[in-house]
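Enquirer: As given, the protein sequences belong to chains U and X, one line each in that order.
So the first sequence is residues 1 to 151, counted in my numbering.
So the second sequence is residues 1001 to 1741, counted in my numbering.
These aren't lab readings, by the way, just hints derived from the structure by calculation.
Keep in mind it's a predicted model, so treat the numbers as computed, not measured.
Note that CB positions come from ideal geometry on N, CA and C, so glycine has one too.
Label-pair distances were calculated between CB atoms; the ranges are:
1) 31/U - 1522/X: 33 to 43 Å
2) 1054/X - 122/U: 48 to 58 Å
3) 53/U - 1317/X: 43 to 53 Å
This is what each chain is made of:
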Amino acid sequence: MTISLTINGKRQELDVEPDMPLLWVLRDELGMTGTKFGCGVSACGACTVHVNGEAMRTCALPIEAVADAEITTIEGLGGDGPDLTKLQQAWIDHQVPQCGYCQSGMLMAVSSLLSENPNPSDDQIDAAITNICRCGTYPRIRAAIRSLATV
Amino acid sequence: MKPTRRQLLIGGTVVGGGMLLGYATLGSSRPERAQALAAGDGEHFTTTWLKIDPDNKVTVYVPHSEMGQGVHTSMPMMAAEEMEADWDLVEMVQAPADDVWANGPLGRGYILGQTPIPSALTGVVDASFFKIAEMMVGQITGGSTSVRFTGQYGMRVAGAAAKEMLIRAAADKWNVPESELTARLSHVHHDASGKSATFGELAAAAAEYSPPGQPTLKDRKDFTIIGTSRQRFDIPAKVDGTAQYGVDVQRPDLKIAAIRQAPVFGGSVKSFDGSAALAQRGVTAVVSTDDGVAVVADNYWRAKQALELVEVEFEDGGNGSVSTESIFATFHDNLENGDAEEDVEIGDAVAAMADGGNVVEARYEVPFLAHTCMEPMNCTVEITGDKADVWVGTQDGLSTRNVIAEVAGLAPENVTVNTLMLGGGFGRRGPSASNHVHQATKIAMQVGGPVKLVWSREEDVQHDYYRPAVAAHMSATLDDAGQPTAWVNRYIRKDEPAEASHIPYAVANQSIRYVESPVHVPYGAWRSVAHTQHSFFNESFVDELADAAGKDPFDFRMSLIEDKPRHKAVLAKAGEEAGWGTPLPAGHARGVALQQSFDTIVAQVVEVSIDETGSPKVHKVTCAVDCGPVVTPDGARAQIESGVIYGLTAALYGEITIEDGAVVQENFPDYEAVRLAETPEIDVHFLHSDAPFGGLGEPGTPCIAPAIANALFTLTGQRVRSLPLQNHDFKAGPRLASAAD
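Isolated chain U, as found in the complex:
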């Protein structure tokens, strides 16, 4: 069946099974590999994107559940231009990534948190950012988020 959705502002018509997870539509149908496969059971967050502005894990999210939605992936986080968002720049300033594999999902999760709550407390950060990073970049993630706090 044909499913339509908007990815990074671009309308897409896709002939895929309705139960194919959004992650594999992005990676293997559209060749958008910035969004990562980590666990397949929504446990690690490597596959996080924005669905209508909200962070969602996509490795077990059937595409039919997001039909007609506005999807933003890491490739579209900074909009159309070459400039990085303040969030991405903070990641560079704090030298956050190590292997970097989880960081697309991390950035999407943090971006969603900050858009809802520009000045989160430590407890709010802990509750919202549950993605796994096996390199242990968490201290820098926390520092980078704090550096963006508006108050």
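Go by the hints and put chain X onto chain U.
Expert: Here is chain X on its own, set in the frame of chain U:
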């Protein structure tokens, strides 16, 4: 006599002292081949690892894989420092998987027992070393060796040699003495006349000279790049989704394979029926890899879904009744009754034990651990005629090339391995841990065109090369003053590094012996390798001795390292920064551990409490680190933070158990990882000592488990002798009297 081209090329093999004669004897000419493989018009390799362009760009070929440890930046920093290159003009390239860039320094480190190489030895050609180094023909990124060996004995020497050659070229060009020339910021200057030339302008002439075998290295106090925090080259692509990992490879007509492996290690496919899977949309093949069945499709999810429809019968290889219980029962039986091989014998520990005194005995165990790199195992192979192209994230591209050549029956030089970013390594992507590479090759041999094998997380957890489960029987005796007079350790399995089981403490009589007790579960290198288990055993047991002696565990350790100034300084620094002995909030306690690994000494002091569920909560980890000079301070700190958190996950949660010969755990929900909320404050202090460059990728990991266990003993009176901590019940909470100490 002006050197001939041939002599030059042989001389050009000098990237680290003694390599010159060795490779000349072997008749190999690395720069010549590097030139042929990688140099463009007008570009010249001054040594194997450095290339200077006419436009003055310096490219450093890094023979190590980037997995977040920053090696793609630290290696060029070490070369640029000695070369006097302008950092803004330095770029890096991942060296191709070719034995031109095999890392002999690692081989030398291993052969010399992973100890720093005395300067007197550098330049001495040892025939047996070269024999073994050549046999290794590896490109290993592991063993915390990049800075320690490749950087210290390769990159720095290569940079210094290049600088001397450039200066000589300028001296000849301007007809002035070399002594009047200086190199600064990618230029050679003759200050007396005001002449200057860029490295790029001098490179072609410089390449005509034979590189000096023993170039003069800079004094550490003159470093301007080493010791400064530079932005890592690999990070920008990791914040916008453009970094290319193995799993991201795209090729025309790429097929994707999902695999189900024989659940029992050593098992194999007896029979399978893939007809139902073949009827599914997008599926093009169902094939056996002998150890598993793979479905090949146009999309990973389609392959994975169809895999569920494959009827398959597996053999268990005779291991179908093995369990964690049976493995540990065998370990303990072998430790009591097996023949123990000598590791360390000092004095007569058995006699000293027989003399009595205050005898302390304990049995320790640690479980199997999986690596769970964030990027599941994957490998892309395309076989065309007698050639293969491969895309993979690997800790050793060169050995991976040889694995594929062997499996596919191809000549190694016909296999091109493209090493991509690694989404985590930790030892899982090392040369001997390559089941996924074998499988991808076998699949590609059966289907046309490029095939990317992608493992599920479940396959990753259940078919790893695990940190071994092992056990130790420890005993010691204390004299009337509470000082240990004998230390006896009988442990399972001698592993690398060889010295991991040794203790730094002054105990006059030591008997450390091991018993081999093979299991069917595959073993591999896991971040810090044997230090993970031995540090837990030794640093917990020395804490037990302190308690038996009625002494403070910090003071007790200090009293036993009087003759080890580096250890003393590190432990003292950790104690000072953590405020050892100062009051803590009620219900909190500190613990300490000390471990030398990979030429780096680390002490950690942790602060813990017990939460309302009875689980340990780690509040703060204070680390003191002596790795000699620090190449890049921010990156060094990141490695220690990373090592601590990797070890914390293992200490709190890490346990792979075996039932019916197979792994029980499947995925992150039952093989948990520490997340942001559980991350303690990590405070890192470097000693900046005069010691040689030490490793940093692994030394952050060993101390954390024993330090927490020791803190929990102080807090609760419960001695933890097995991991993970989640198997222990701390609901009884703090023991009131001593916790307030």
